[in-house]
Amino acid sequence: MHRVIALMSVLSLSCLAAPEADFFVAANGDDANPGTLAKPFAALAKARDAVRALGQPDRDVTVLIRGGGYTLEQTVLFTRPDSAAKGRTITYAAYPGETPVFSSDQPVTGWQKLRNAPDHLPEMARGKVWVADVSAILGRKAKRQDPPHGAGEPPDVRDRDRFYSLYLGDQHLPRARGKGFSPTNTTPKRRREDTVRLRFPRGT
Numbered sequence: 023m024h025r026v027i028a029l030m031s032v033l034s035l036s037c038l039a040a041p042e043a044d045f046f047v048a049a050n051g052d053d054a055n056p057g058t059l060a061k062p063f064a065a066l067a068k069a070r071d072a073v074r075a076l077g078q079p080d081r082d083v084t085v086l087i088r089g090g091g092y093t094l095e096q097t098v099l100f101t102r103p104d105s106a107a108k109g110r111t112i113t114y115a116a117y118p119g120e121t122p123v124f125s126s127d128q129p130v131t132g133w134q135k136l137r138n139a140p141d142h143l144p145e146m147a148r149g150k151v152w153v154a155d156v157s158a159i160l161g162r163k164a165k166r167q168d169p170p171h172g173a174g175e176p177p178d179v180r181d182r183d184r185f186y187s188l189y190l191g192d193q194h195l196p197r198a199r200g201k202g203f204s205p206t207n208t209t210p211k212r213r214r215e216d217t218v219r220l221r222f223p224r225g226t
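Mind the numbering: the sequence shown is residues 23 to 226 in the numbering used here, read in order.
It is possible that part of the hints are untrue.
When the alpha-carbon atoms are kept at most 20 angstroms apart in a straight line, the in silico EDC-like pairs for lysine to aspartate or glutamate are as follows [stated by the list, open to error]:
1) Lys61 - Asp80
2) Lys68 - Glu95
3) Lys61 - Asp71
4) Lys135 - Asp155
5) Lys108 - Asp44
6) Lys61 - Glu120
7) Lys68 - Asp82
8) Lys135 - Glu145
9) Lys108 - Glu145
10) Lys68 - Glu42
11) Lys68 - Asp104
12) Lys61 - Glu42
13) Lys61 - Asp44
14) Lys68 - Asp53
15) Lys68 - Asp52
16) Lys68 - Asp44
Between beta-carbon pairs, the in silico distance windows are [unchecked claim]:
17) Thr84 - Ala158: 36 to 42 angstroms
18) Gly90 - Gly132: 22 to 28 angstroms
19) Asp71 - Lys108: 17 to 23 angstroms
Derived by calculation from the structure, the hints in this document are not laboratory data.
Everything numeric in this text was worked out from a predicted model, so none of it was measured.
Heads up, the beta-carbon is just placed ideally off N, CA and C, and yes, glycines get one too.
Between the sequences and the hints, there should be enough to build the whole structure, so can you do that?
This is the structure:
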């Protein structure tokens, strides 16, 4: 009997310890779910839409995000309809003790050694060049919805079929460079001011 009572006490404490929230998001969730702790959403945007559907209730609203990795296919926008009612708050927070990570990175797989080296490839680089097909990644990028941009500046269509950063784990890899390259210069008219563009001297 004592063992049964002890087990029931542990279960009761576990239930009390579960954090409360209006909606939950988890990396293994499903956007067809109701957004509960047992059946969480999969995407932050889905939680935003669910909060928006509440219609600014006269109470605080909380969304808890479980630990894990979340890949963003497009920008998640929060606008005026996502504001809380006067004197109330809407909170998006990590689930207690867990760390969610949002990223827009795309894994590059299928690396192979370059078979047919171009004539201009330096001798020291031959046999050391690896290549991968990124057409599928760029195809997904081209289909993404462009976020709003400022100052009436249209998005650069060339961004749809290029990528500007490559990482190995958390290490940023340098671009291939050789004789004739110029230092990179910032381009203030681009949508993202921290983006840089490679410039080539005339004749290279």
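Here is what the structure says about each hint:
Restraint check for lysine 61 and aspartate 80: not satisfied, since their Cα atoms lie roughly 25 angstroms apart, outside the 20 angstroms limit. This hinted pair checks out: lysine 68 and glutamate 95 have alpha carbons roughly 13 angstroms apart, not beyond 20 angstroms. At roughly 16 angstroms between alpha-carbon atoms, lysine 61 and aspartate 71 fall within 20 angstroms of each other, so this suggested pair holds. The hinted pair formed by lysine 135 and aspartate 155 meets the criterion: a straight-line CA distance of about 12 angstroms does not exceed 20 angstroms.
Only pairs whose Cα atoms come within 20 angstroms are accepted, and lysine 108 paired with aspartate 44 is accepted, the gap being roughly 18 angstroms. A threshold of 20 angstroms between alpha carbons decides the hint, and for lysine 61 with glutamate 120 the separation of about 17 angstroms falls inside it, so the pair holds. With a C-alpha separation of about 19 angstroms, the suggested pairing of lysine 68 with aspartate 82 holds against the 20 angstroms cut-off. For the proposed pair lysine 135 and glutamate 145, the alpha carbon gap of about 15 angstroms is at most 20 angstroms, so the pair holds.
With a C-alpha separation of about 68 angstroms, the suggested pair lysine 108 and glutamate 145 falls outside the 20 angstroms cut-off, and the hint is violated. The suggested pairing of lysine 68 with glutamate 42 holds, with an alpha-carbon distance near 19 angstroms, which does not exceed 20 angstroms. For the proposed pair lysine 68 and aspartate 104, the alpha carbon gap of about 12 angstroms is at most 20 angstroms, so the pair holds. Distance hint between lysine 61 and glutamate 42 is fulfilled; the C-alpha atoms sit about 14 angstroms from each other, no more than 20 angstroms.
Between lysine 61 and aspartate 44, the direct Cα distance comes to roughly 12 angstroms. Compliance with the 20 angstroms bound is thereby established for this hinted pair. Restraint check for lysine 68 and aspartate 53: satisfied, since their Cα atoms lie roughly 6 angstroms apart, inside the 20 angstroms limit. Under the criterion of a C-alpha separation no larger than 20 angstroms, the hint pairing lysine 68 with aspartate 52 is consistent with the structure, at around 10 angstroms. Between lysine 68 and aspartate 44, the direct Cα distance comes to roughly 13 angstroms. Compliance with the 20 angstroms bound is thereby established for this hinted pair.
Look at threonine 84 against alanine 158: about 38 angstroms separates their beta carbons, and that is inside 36 to 42 angstroms. As the Cβ distance of glycine 90 to glycine 132 is approximately 25 angstroms, the hint placing it in 22 to 28 angstroms holds. A C-beta distance of roughly 22 angstroms is found between aspartate 71 and lysine 108, which places it inside the suggested range of 17 to 23 angstroms.
Violated hints for the displayed structure, listed by number in ascending order: 1, 9.
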